[in-house]
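4 protein chains.
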Amino acid sequence: MRIEKKQIESHNDKYAKSHAKSFEFISGVLTDEGVNVKKIIKELVDYQVAIPSWALSTGSTRFGRFPGKGEPVTFEEKLDDIGLLHAINKSSGAVSMHIPWDIPKDAKKVKKQADELDIKFDAVNSNTFQDQPNQKESYKFGSLCHTDKSVRKQAIEHNIEVIEIGKIVGSKSLTVWLADGSGFPGQQHFAKAFDRTLDSLKDIYKHLPDDWMIFTEHKPFEPAFYSTVVQDWGSSLLLAQKLGKKAACLVDLGHHLPNANIEQIVSRLIHENKLGGFHFNDSKYSDDDLTVGSLRPYQLFLIFNELVDGAGKELSKTDWGWMIDAAHNIKDPLEDLLQSVEAIKIAYTQAMIVDRKALEKAQDANDTVRAQEILQHAYRTDIRPLLAEARLQAGGGLKPIELYREADCRKILSKERQ
Amino acid sequence: MRIEKKQIESHNDKYAKSHAKSFEFISGVLTDEGVNVKKIIKELVDYQVAIPSWALSTGSTRFGRFPGKGEPVTFEEKLDDIGLLHAINKSSGAVSMHIPWDIPKDAKKVKKQADELDIKFDAVNSNTFQDQPNQKESYKFGSLCHTDKSVRKQAIEHNIEVIEIGKIVGSKSLTVWLADGSGFPGQQHFAKAFDRTLDSLKDIYKHLPDDWMIFTEHKPFEPAFYSTVVQDWGSSLLLAQKLGKKAACLVDLGHHLPNANIEQIVSRLIHENKLGGFHFNDSKYSDDDLTVGSLRPYQLFLIFNELVDGAGKELSKTDWGWMIDAAHNIKDPLEDLLQSVEAIKIAYTQAMIVDRKALEKAQDANDTVRAQEILQHAYRTDIRPLLAEARLQAGGGLKPIELYREADCRKILSKERQ
Amino acid sequence: MRIEKKQIESHNDKYAKSHAKSFEFISGVLTDEGVNVKKIIKELVDYQVAIPSWALSTGSTRFGRFPGKGEPVTFEEKLDDIGLLHAINKSSGAVSMHIPWDIPKDAKKVKKQADELDIKFDAVNSNTFQDQPNQKESYKFGSLCHTDKSVRKQAIEHNIEVIEIGKIVGSKSLTVWLADGSGFPGQQHFAKAFDRTLDSLKDIYKHLPDDWMIFTEHKPFEPAFYSTVVQDWGSSLLLAQKLGKKAACLVDLGHHLPNANIEQIVSRLIHENKLGGFHFNDSKYSDDDLTVGSLRPYQLFLIFNELVDGAGKELSKTDWGWMIDAAHNIKDPLEDLLQSVEAIKIAYTQAMIVDRKALEKAQDANDTVRAQEILQHAYRTDIRPLLAEARLQAGGGLKPIELYREADCRKILSKERQ
Amino acid sequence: MRIEKKQIESHNDKYAKSHAKSFEFISGVLTDEGVNVKKIIKELVDYQVAIPSWALSTGSTRFGRFPGKGEPVTFEEKLDDIGLLHAINKSSGAVSMHIPWDIPKDAKKVKKQADELDIKFDAVNSNTFQDQPNQKESYKFGSLCHTDKSVRKQAIEHNIEVIEIGKIVGSKSLTVWLADGSGFPGQQHFAKAFDRTLDSLKDIYKHLPDDWMIFTEHKPFEPAFYSTVVQDWGSSLLLAQKLGKKAACLVDLGHHLPNANIEQIVSRLIHENKLGGFHFNDSKYSDDDLTVGSLRPYQLFLIFNELVDGAGKELSKTDWGWMIDAAHNIKDPLEDLLQSVEAIKIAYTQAMIVDRKALEKAQDANDTVRAQEILQHAYRTDIRPLLAEARLQAGGGLKPIELYREADCRKILSKERQ
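Chains as they are written, first to last, in our numbering: chain A, 116 to 533; chain B, 116 to 533; chain C, 116 to 533; chain D, 116 to 533.
Derived from the structure by calculation, the hints contain no laboratory data.
Do not take every clue at face value.
The calculated BS3-like cross-link candidates involving lysine-lysine, where the alpha carbons are at most 27 Å apart (straight line), are [as the list claims (entries may be wrong)]:
| # | chain 1 | residue 1 | chain 2 | residue 2 |
| --- | --- | --- | --- | --- |
| 1 | A | Lys357 | D | Lys307 |
| 2 | D | Lys389 | A | Lys357 |
| 3 | B | Lys526 | A | Lys472 |
| 4 | A | Lys224 | A | Lys129 |
| 5 | B | Lys255 | C | Lys136 |
| 6 | C | Lys132 | D | Lys132 |
| 7 | B | Lys389 | C | Lys184 |
| 8 | A | Lys472 | D | Lys476 |
| 9 | D | Lys287 | C | Lys132 |
| 10 | D | Lys268 | D | Lys136 |
| 11 | A | Lys255 | D | Lys472 |
| 12 | B | Lys472 | A | Lys476 |
| 13 | A | Lys129 | B | Lys472 |
| 14 | A | Lys360 | D | Lys129 |
| 15 | C | Lys136 | D | Lys361 |
| 16 | A | Lys268 | C | Lys136 |
| 17 | B | Lys428 | C | Lys307 |
| 18 | D | Lys121 | A | Lys357 |
| 19 | B | Lys307 | C | Lys428 |
| 20 | D | Lys526 | C | Lys472 |
| 21 | B | Lys184 | D | Lys251 |
| 22 | A | Lys220 | A | Lys264 |
| 23 | A | Lys476 | B | Lys389 |
| 24 | B | Lys255 | D | Lys184 |
| 25 | A | Lys264 | C | Lys526 |
| 26 | A | Lys226 | A | Lys432 |
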């Protein structure tokens, strides 16, 4: 299904008045505080968050899956769903393909479809954490780190194939998330496993086009429950350092030990010029893959605070990657994604209105109270009307979730995909 | 020092216009949403947070202490500091005494001072986690749980003495936080230590006046680093159940294992009619005792969401206790407390504007997305002008931190207390 | 396949001499320390650990499954595998059935098979965490806690059906592990969900035979990632208290927040006479379901130390339940189970040789150093020859893993089940 | 006090027979397994663990301190205590001085005293986490990272002074543990604080003699409760990389987030040739500073397993540093240290008897079960008689704690130091 321009306009008309009032109020307040509201609106229009191709369906835990209705099966259907999202919020104009789940049969056709939907191709993702039917070697005991050369070779070749597919659709980066690790002490020789992984990555790196990036992604556990090869940003950075300029580190918010200070890790990676991008989600316990901002919205703000500070320019103009990586076990995936994108942009906007000069002054003076006041003032300010205004200007809906429900999207999708 | 009415008025005049504009805007929005703004303002005027007597000075870690200037030494000076806070924010009208640190020499005089400052006497706190000079028995290996009867007796008698002091000043509750526990496996017999603690508490309970409450407080570790006698709400509840009607559980936000769902624990205690009250603070790692709301403001909101739901009436009308329990290692303690009280009242106000009927409907329908939208809408709404208005009406300052700094409070205190 | 007596004897012959030497040495040492070695050997022969029917196959994570060879499909095959284990280690003489996975077609035949293999029927387990094909209502949003009465009814009836099946085979307990909970703040009303769960359990309890027990099992998260209805031992205990005498709490070692002191929880449950039994496994991060004793063997010992102390008699003579609940993602499930049972019995034996009188004396004197010396002396003593001797006397193999491999069990199973 | 040779001999005579029996048994078993027992004994004689000068007194938490009797006050007395330890266990032949607590008045005399006691001078430690009386600048807001140049200068000069003192006594390394960090979001600019720290360290590095090492030490929190400048091994490694060859990373076992895989971090640091050494202790919750091996003995073994593997030679022949860093809040510090040293040497010995060839084979074959069997076999073997034998050969006592108590050491110390 595609949502009609008319539907959006009618939706917006309904909320036009109250939006105008709110927007006028907050614009006035922010302008008085020295914030350039127009510039922020522009950036909010430009800044896009990629949707992974696997995120359009209900996710699962190891205990089972409770599927929803009208879920896309083919990659074309997945693209359509992202198109629907993007039509509604004008902020989801990119897709991150996952190979081998999304090998397009007709690349040209898929490109055309994406163009029509105003969707770009973000990072391509390889998969060496599952065995595919008819696969020669098994990844049960690792892929790029495997003790057996033929398994490593298979995994390397898979990654090279993913690059080739990415080239066709116009991707510019490869994300390598490794499930490689061990389940028990003694199973794996830490140092050798690291060296084999590095060697494998070097082989992949050789095939990386000059204008591409390769992202390594750390995770402390799951599905390996004793050790992982890329367990934290330290190991990820070592790999990226040893690989070269085209390698950088990807941060998944759920891939950290309890209480980790993620915003500081982000700062360190920027400092070393090795931040690659993000896999956004939220979590309370481990890699829960919940809706972005649903549990720790202040942490999300603090991360964006580092990004805005570290980038020194609009985030849409950096080469960092932005992707949602959440599971939608008990929510309609499309509604979940609308909430996630909204939460990301709220945090980003709050970070943009931080009075950075005053903050710097407070930091230099060790005025801890003032520094907190400055950050929390930005965080407590209700800047949602700016997001709404940006959507309005871009042709999206004032209230994404409402629009999606008013337009009966899930029902229509269910009918179309029976 | 005492802050003059004139100073407050002059401060308020400065921000009157911008406050009026913000308050008018948010009042309009909330009224349109069906919120009774007047009622909320009234409750914000009524709701008071107690300040512990030990919180007016710079805190310390085991690695040292970096004292500030103008810190109070006598209990009278501490009372004065709370009076100053209360004059500024009109929300700190209670003190929680800590014995033996605050044994007033002249109880009448102290009562009179408190009356003048509009300060009530909240829970009294016993201390059996330190040895006092000339104390006969040592608490090195526990107090109420000790294997030696004479140590338990000393600790029981101390608590009874604390009750007596509390009676004089008009307190109505005794908070028992126990450092009792063990440092190594084997050191303590878990069951026997629990039984001895219960027996000791029963002895104290006998001396508790009929209109008093006794609060047990759980904590998983520190200063005991292997086990504590009251390690979690489960053990605290067992004690409160076995003691009787006048016993309830006190929740310190920093006294939980990583990732604990504190708001659910609060709900359980309310469900069993055994919630006693709170020790508010915030933390990232363990019992960090940071400014309330400085790290996990959304969690604080979720806790108040349970309180508002579970109380079914204004929190100021419940018999639950509200106290800040934070260390002020690197902030001016008074500024820190102003920030903490503000954060508490923000969370409370956000919880008050939650559309509870709509939430109930969403819950009944398992509409997870809607339920989240409802909570986060309340949380994202900038209700700070309501707090400011309540302060204005109560005679406090529009911007507490600014007022405190404009009035040069710390400098004056430093001079006065040289 | 069944292992032949001859094979076992031939295996034992091989290691007889070195075993005799080791056994003689440690028996001498222990006897000198006042330990009754014969009594321990007898208890080691008697003490049996149940194997859950689902544990004979390769487990999976949400990221995938890497199946092994020769895995059992029918319940009869699963029983055979347990029979094989039991023949080897003489300590796995019980099975815990999981319904609906293991509904036996011919109960009589199954009973006969179990009798032949010397296997008893331990607790039966219900499953309301997955939707079965053709199931009327979905458990997507809970089972016993569901807002919809018809879902609760279905879940209650399933549990009653499980009891009926258990009666036929001779089980005496029902384990209810609930996945019920919520994924996001606001989704579920904590108190109402708890009350609905309690009411549902009461309905099940009514159908429980007089000589049965019902076990509630707590877990802080997964598959629900924000809250669970039975999140910790506190909530589990409340349910067991409110249900009555036939209800008790089951402890799964992996179902706790980071750093929880599980041995103390065990002590508390014994203290309240509400310990039901165990789901044994080990973990480093969350509910990793690893081989028992593979990560935290000292914690396992400390738990058994509480059990021995709290039971006051041989554990085989208590009514507590003992079950392994681990996933075997990357190990041969049968080898994994052999390792788990061994680790349990090692910990139990170490706990049996603790000098309890000396420990009590040290505890009474707060002699922390001595208390640690006593526990660690027991833990550091190599008591494995006692386990071997018990196996020898019971007709099992001296070295279970070696015997399993020498007998080529997996290869034979693979052939048989092609 | 000094313990007499005669006392030790008389103690050893008492246990000679039972020791001989145990030693003979385990030597036989290990020899049969291909272990070179003599070589292990020799290494156990050579391998020494340094005692920090601050560890001879009762430690404290922020809640208080319960001092013991007969505690040393002067550095000379502390040295004497270490001498006593070393006479008993022959494994504590080094001291790690802490400046400014231990500035020796007469360096020559101190050196002579140390020589007599057979004690070497290990790393010297600077202290910029506390303000000393009459100190010009305060470290309240950091030292090497401070925003104010004059504070950094003072901290740098202090470290240089520490080096000078170290030179006099013959130390060869400087340990820099920084409390630097921040208590609240916004307080500190992460990147600038890191850069300032690095610059300060570079200044110190310039003054480091060619045959010295400088150790950076990471810690995630405490006393800074939001962020620390050297929060994990990643940041520590970056500093060591940027400083140069003479810089390496020191690992304190208590300085990690919950569930961190410390043995893997050790492997990574060895891999990058940047392991500096250890601060040994144990913990259950955070930086609890408990007796080594009292909570997680298996983790300790796994760490030594990495060390033995990574070193490729006896640990006494590496340039890695070994120091205990525990607090002794409720134990006699000397007994606590005897237990810690024992636990370290037990873990080391267990690691030495691991069948590394078999392990490598199992790893290459992904035989997880076998790999675990190999490690756990070594861990479960009771190798304590080897430690006793090494002590016997070196002139120490068979049972250190017993000897210490038999000789009434604490009582004598108390009398001497009244």
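Quick rundown of the hints versus the structure:
no.: 1; hint: A:Lys357 - D:Lys307; result: holds, 25 Å
no.: 2; hint: D:Lys389 - A:Lys357; result: holds, 16 Å
no.: 3; hint: B:Lys526 - A:Lys472; result: holds, 26 Å
no.: 4; hint: A:Lys224 - A:Lys129; result: violated, 37 Å
no.: 5; hint: B:Lys255 - C:Lys136; result: violated, 47 Å
no.: 6; hint: C:Lys132 - D:Lys132; result: holds, 25 Å
no.: 7; hint: B:Lys389 - C:Lys184; result: violated, 54 Å
no.: 8; hint: A:Lys472 - D:Lys476; result: violated, 60 Å
no.: 9; hint: D:Lys287 - C:Lys132; result: violated, 52 Å
no.: 10; hint: D:Lys268 - D:Lys136; result: violated, 61 Å
no.: 11; hint: A:Lys255 - D:Lys472; result: holds, 23 Å
no.: 12; hint: B:Lys472 - A:Lys476; result: violated, 46 Å
no.: 13; hint: A:Lys129 - B:Lys472; result: holds, 24 Å
no.: 14; hint: A:Lys360 - D:Lys129; result: violated, 68 Å
no.: 15; hint: C:Lys136 - D:Lys361; result: violated, 52 Å
no.: 16; hint: A:Lys268 - C:Lys136; result: violated, 50 Å
no.: 17; hint: B:Lys428 - C:Lys307; result: holds, 18 Å
no.: 18; hint: D:Lys121 - A:Lys357; result: violated, 60 Å
no.: 19; hint: B:Lys307 - C:Lys428; result: holds, 18 Å
no.: 20; hint: D:Lys526 - C:Lys472; result: holds, 26 Å
no.: 21; hint: B:Lys184 - D:Lys251; result: holds, 16 Å
no.: 22; hint: A:Lys220 - A:Lys264; result: violated, 31 Å
no.: 23; hint: A:Lys476 - B:Lys389; result: violated, 47 Å
no.: 24; hint: B:Lys255 - D:Lys184; result: holds, 13 Å
no.: 25; hint: A:Lys264 - C:Lys526; result: holds, 25 Å
no.: 26; hint: A:Lys226 - A:Lys432; result: holds, 23 Å
Figure legend: structure checked against the earlier numbered hints; hints not met, in rising order: 4, 5, 7, 8, 9, 10, 12, 14, 15, 16, 18, 22 and 23.
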